[in-house]
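In order, the protein sequences belong to chains A and B. If you're matching positions, the first sequence starts at 1 in the working numbering and goes up one per residue. If you're matching positions, the second sequence starts at 1 in the working numbering and goes up one per residue.
Since the hints were derived computationally from the structure, they do not count as laboratory data. Careful: at least some of the hints might be erroneous.
Some chain B residues near chain A, calculated using beta-carbon distances under 7 angstroms [said to hold, decoys possible]: (1) Thr308; (2) Arg323; (3) Trp330; (4) Val353; (5) Arg357.
Computed far set for chain B versus chain A, every beta-carbon distance over 12 angstroms [what the hints assert, rightly or not]: (6) Asp23; (7) Glu27; (8) Gln102; (9) Ser135; (10) Glu245; (11) Gly258; (12) Asn266; (13) Gln290; (14) Leu302; (15) Ala367; (16) Met369; (17) Ser372.
Sample of chain B residues lacking proximity to chain A, with all beta carbon distances greater than 12 angstroms (derived) [claimed, not checked]: (18) Thr98; (19) Ile261; (20) Arg297; (21) Gly309; (22) Asp425.
A virtual CB, placed ideally from N, CA and C, is assigned to each residue, including glycine.
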Amino acid sequence: MDEAVEDEAIVRALLAAGGLDIPDDEVGRLAKLYPSLRRSVDRYYEVPTGDEVTAAVFRAEDQDLGDER
Amino acid sequence: MTQPWTIRKAGDALRSGEATSVDLIREAHVAADRLDPQMGTWLDRYTEQSLTSAEAADAALAAGQDLGPLHGIPLGIKDILSTDEGPTTAQSLTMDHTWGDQGDGPVVARLRAAGAVIMGKTTTMEYAIGRPDFSKPFPVPRNPWNLERWTGGSSSGTGNGVASGQILGGLGTDTGGSVRLPAAYNGVTGHKPTFGLVPKSGCVPLGMSYDHIGPLARSAWDCAAMLTVMAGADPSDRTTVERPEIDYVQRLDRGLAGLTIGVIANDQVVDGTGDTTMAVLEEAVEAMAQAGANIKRVVVPLYEELATGAFLALQAEAFAWHRDRLASQWGDYGRPTRLTIVQGALINAGDIVQIERVRQVARRQVAAMVASEGLDVLVSPTTGYGAAPFTGGGTEALSIRALHTPAWNSMGWPALSVPMGFDPDGLPLGLQIIGRAFADGMVLAVGHAYQQLTDWHLQKPPHHA
Chain A
1 MDEAVEDEAI VRALLAAGGL DIPDDEVGRL AKLYPSLRRS VDRYYEVPTG DEVTAAVFRA
61 EDQDLGDER
Chain B
1 MTQPWTIRKA GDALRSGEAT SVDLIREAHV AADRLDPQMG TWLDRYTEQS LTSAEAADAA
61 LAAGQDLGPL HGIPLGIKDI LSTDEGPTTA QSLTMDHTWG DQGDGPVVAR LRAAGAVIMG
121 KTTTMEYAIG RPDFSKPFPV PRNPWNLERW TGGSSSGTGN GVASGQILGG LGTDTGGSVR
181 LPAAYNGVTG HKPTFGLVPK SGCVPLGMSY DHIGPLARSA WDCAAMLTVM AGADPSDRTT
241 VERPEIDYVQ RLDRGLAGLT IGVIANDQVV DGTGDTTMAV LEEAVEAMAQ AGANIKRVVV
301 PLYEELATGA FLALQAEAFA WHRDRLASQW GDYGRPTRLT IVQGALINAG DIVQIERVRQ
361 VARRQVAAMV ASEGLDVLVS PTTGYGAAPF TGGGTEALSI RALHTPAWNS MGWPALSVPM
421 GFDPDGLPLG LQIIGRAFAD GMVLAVGHAY QQLTDWHLQK PPHHA
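Make a model of the complete structure from these sequences and hints.
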């Protein structure tokens with residue numbers, strides 16, 4: 001499949017998954033942006049993060065929820 | 001030329017009897033009547049309420065009840081922050097106006113309790129994102145240094161309102177630079193506090209883990225006076241952190257001698273900065289060196305990841321908040337706004353997790369670099385260029401690479417923009433001063449010391465009260 005056509009298909013699918021049905025010209029605009037957006041995101045997988053780093057630090061204890069201390 | 005009024009100077013005038021708060025508020029409204037039609041500063045002005053508040057401030061002061069530096073001072077509030085007086089529009093046709101029925105958020109309430117007089121709601125970009133949009137029925141904010149130039153965003157009306165002398169200070173919000181950019185482009189001072197220092201409740205969210213509420217005013221002294229009142233944990237925002245109360249004004253006079261300042265030398269900053277701006281930055285650095293600061297050139301680890309990550313993650317966080325509204329009211333959003341926010345739908349869950357994991361790694365590496373180099377603050381230009389024109393060029397200035405602010409939203413560290421000179425078109429340029437988490441006092445002290453050496457922050461634009 002032509003890359004541009006494929007990008008547009010991906011964008012349409014992702015928008016549909018988000019419940020969005022938007023005009024064709026704006027889908028086209030997003031499809032043009034999509035490859036550079038994807039490249040920007042993919043850079044983050046090249047950074048060594050190790051196994052222990054989490055996106056958010058979750059702690060079970062929470063004073064506001066009435067945990068015992 | 002007389003110097004413009006500052007919060008500090010106005011406070012002195014109130015206490016000496018040279019002026020009353022009613023005088024200040026009346027003059028501010030007269031200035032707004034004249035300037036606002038051109039400048040696009042206000043979405044709503046609370047004329048009667050502000051005069052009533054000013055009368056009360058004057059009566060309290062006469063009775064010996066002095067509430068501090070903000071007593072009787074006119075401030076503007078960016079219209080994504082809720083206030084008692086009226087609805088919050090977020091400068092959007094899609095905003096549910098009943099959202100603002102909650103009244104004052106904690107920061108506005110604290111300013112009011114400190115005697116500040118709320119003049120009204122200032123313009124923004126729609127939902128604090130996007131670009132100037134001439135297609136919607138809202139004012140387009142213009143730069144008082146040149147009306148054909150943008151103010152920067154998104155705290156646009158607070159920025160041009162302070163610069164043009166309509167208000168002495170005000171609130172902005174900053175998710176990728178929206179306090180510091182209008183501060184730089186309009187030639188005023190703006191502070192993005194440490195994440196968690198100032199509660200965000202009562203603010204329409206953009207990127208919940210990148211949003212900050214911060215002050216804009218003429219000077220670092222004025223911002224310090226505002227931050228002293230604004231700071232402090234609040235149960236309504238669980239991202240806030242309990243810290244000792246600090247009077248930031250009392251910490252301003254430490255000077256520059258013996259401090260170590262790291263000048264950010266990353267390629268992304270250098271390549272995204274015009275030659276004139278770089279020369280102006282070097283003059284600013286030299287002035288600080290002459291005042292006794294040690295200067296180092298440093299490379300910030302994972303800088304590009306921090307900067308780009310702020311934009312990517314804020315789009316995802318914004319999409320989470322806007323998804324249902326985008327689906328039902330797509331056409332009511334401005335085109336730049338909707339096409340920015342909807343990109344959050346194109347980033348998947350794993351991507352966001354990885355961006356946030358890299359953010360954690362980067363935060364540790366940057367903190368380690370700052371510690372190992374013995375830095376007290378970092379500096380860079382706030383932007384690579386002066387304010388862009390609305391039409392006909394300015395693509396370099398509008399490029400994300402020319403905005404040197406978002407990395408510090410990812411870090412959550414405090415960052416101040418102070419005026420440092422002008423470009424060849426006579427447009428202001430900003431110096432960004434960055435400190436470690438909760439070193440807001442140090443950042444403001446360095447800005448204050450620089451403003452004792454220079455008078456860039458006291459320059460009046462052609463369109464001024």
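Evaluation of the provided hints:
1. Thr308: holds, 6 angstroms
2. Arg323: With a minimum Cβ separation of about 6 angstroms from chain A (threshold 7 angstroms), the hint on Arg323/B holds.
3. Trp330: holds, 6 angstroms
4. Val353: For Val353/B, the interface hint holds, since the closest Cβ of chain A sits about 4 angstroms away, which is under 7 angstroms.
5. Arg357: OK, holds: Arg357/B within 7 angstroms of chain A, min 5 angstroms.
6. Asp23: Asp23/B clear of chain A: closest Cβ-Cβ about 46 angstroms, beyond 12 angstroms.
7. Glu27: Given a closest Cβ separation of 46 angstroms, the condition holds.
8. Gln102: The claim stands: Gln102/B keeps its Cβ more than 12 angstroms from every Cβ of chain A (closest is about 20 angstroms).
9. Ser135: holds, 14 angstroms
10. Glu245: With a cut-off of 12 angstroms, Glu245/B remains clear of chain A, as the shortest Cβ separation is near 20 angstroms.
11. Gly258: holds, 35 angstroms
12. Asn266: holds, 15 angstroms
13. Gln290: holds, 39 angstroms
14. Leu302: violated, 7 angstroms
15. Ala367: Check passes; 14 angstroms lies beyond 12 angstroms.
16. Met369: holds, 16 angstroms
17. Ser372: holds, 19 angstroms
18. Thr98: holds, 23 angstroms
19. Ile261: Holds, because the least Cβ-Cβ distance between Ile261/B and chain A comes to about 28 angstroms, which exceeds 12 angstroms.
20. Arg297: holds, 24 angstroms
21. Gly309: Label violated. Min Cβ-Cβ 7 angstroms, cutoff 12 angstroms.
22. Asp425: Per Cβ check, Asp425/B is outside 12 angstroms of chain A; nearest 30 angstroms; holds.
In the structure shown, a violation is registered for the earlier hints numbered 14, 21, in ascending order.
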